[in-house]
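Just so you know, the protein sequences line up as chains A and B, in that order. Following this note's numbering, the numbering of the first sequence begins with 104 at its first residue and continues without gaps. Following this note's numbering, the numbering of the second sequence begins with 1203 at its first residue and continues without gaps.
No lab work stands behind these hints, which were simulated from the structure alone. Only a predicted model underlies this, so the values are computations on that prediction, with no experimental measurement involved. Glycine included, each C-beta is placed from N, C-alpha and C at the ideal position. Check the hints yourself; a few may be wrong.
[Said to hold, decoys possible] Here chain A is said to cover these stretches of chain B; the calculated rule only asks that three of the stretch's residues, wherever they fall, bring their Cβ under 8 Å from a Cβ of chain A:
#, segment
1, 1225-1235
2, 1245-1252
3, 1280-1289
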Amino acid sequence: DAGITQSPRYKITETGRQVTLMCHQTWSHSYMFWYRQDLGHGLRLIYYSAAADITDKGEVPDGYVVSRSKTENFPLTLESATRSQTSVYFCASSELRRETQYFGPGTRLLVL
Amino acid sequence: SQQGEEDPQALSIQEGENATMNCSYKTSINNLQWYRQNSGRGLVHLILIRSNEREKHSGRLRVTLDTSKKSSSLLITASRAADTASYFCATDGETSGSRLTFGEGTQLTVNP
Chain A
104 DAGITQSPRY KITETGRQVT LMCHQTWSHS YMFWYRQDLG HGLRLIYYSA
154 AADITDKGEV PDGYVVSRSK TENFPLTLES ATRSQTSVYF CASSELRRET
204 QYFGPGTRLL VL
Chain B
1203 SQQGEEDPQA LSIQEGENAT MNCSYKTSIN NLQWYRQNSG RGLVHLILIR
1253 SNEREKHSGR LRVTLDTSKK SSSLLITASR AADTASYFCA TDGETSGSRL
1303 TFGEGTQLTV NP
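Build out the structure end to end from the sequences listed, making use of the hints.
Set out below in structure tokens:
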């Protein structure tokens, strides 16, 4: 089914481990975004991408790495997970700059 | 700090009543968007209003924008239990590049 998907939906990991969250969209949207959502902080932008091979930092990029070799995929990697990275992560895509964003269902990550 | 801030943080009403949520922001914008998030789900785009527009309607939703006061309101008329969700405003900000900045949201509860 067309849309934007995230995997895994739930993940439990341990401090220090590397974790990769996947995001895939079928619309060929140029823009893709990674957010984290925490109580008391709302939705915060981690990284975004304007096109394949173009990425830029958002508000809270430390501890995260992204890549975008294909338009449809935008994986987010936690290089060495910390407890403070326990959160719900949302991927989003947008066809036009600063316009409507379409969100995935989220990944709930628990770092022990 | 967040560009957009919603008010109130939480709102509880009876079915059939109207619900009004407000959003204030700090810098000039090109457009302002409202999103809904049902519990445990991703955000869903509701409506986008541009800086040269003052009011916009979509079904039971009415959005107003006052750029002189840097504020917007979302009115949901004849609310239903299914409207129970968190509502977020998002602003682009003229210097924000390709990003949107989300507020912390208003939690709306519509009691049957």
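A quick look at each hint next to the structure:
1. Under the rule that three or more residues need a Cβ within less than 8 Å of chain A, the assignment of the segment 1225-1235 of chain B holds, with 3 such residues.
2. Only residues whose beta carbon comes within less than 8 Å of a beta carbon in chain A count, and the segment 1245-1252 of chain B has 4; three or more means the coverage holds.
3. For the segment 1280-1289 of chain B, the stated coverage by chain A is not satisfied: 0 residues place a CB nearer than 8 Å to a CB of that chain, which falls below the threshold of 3.
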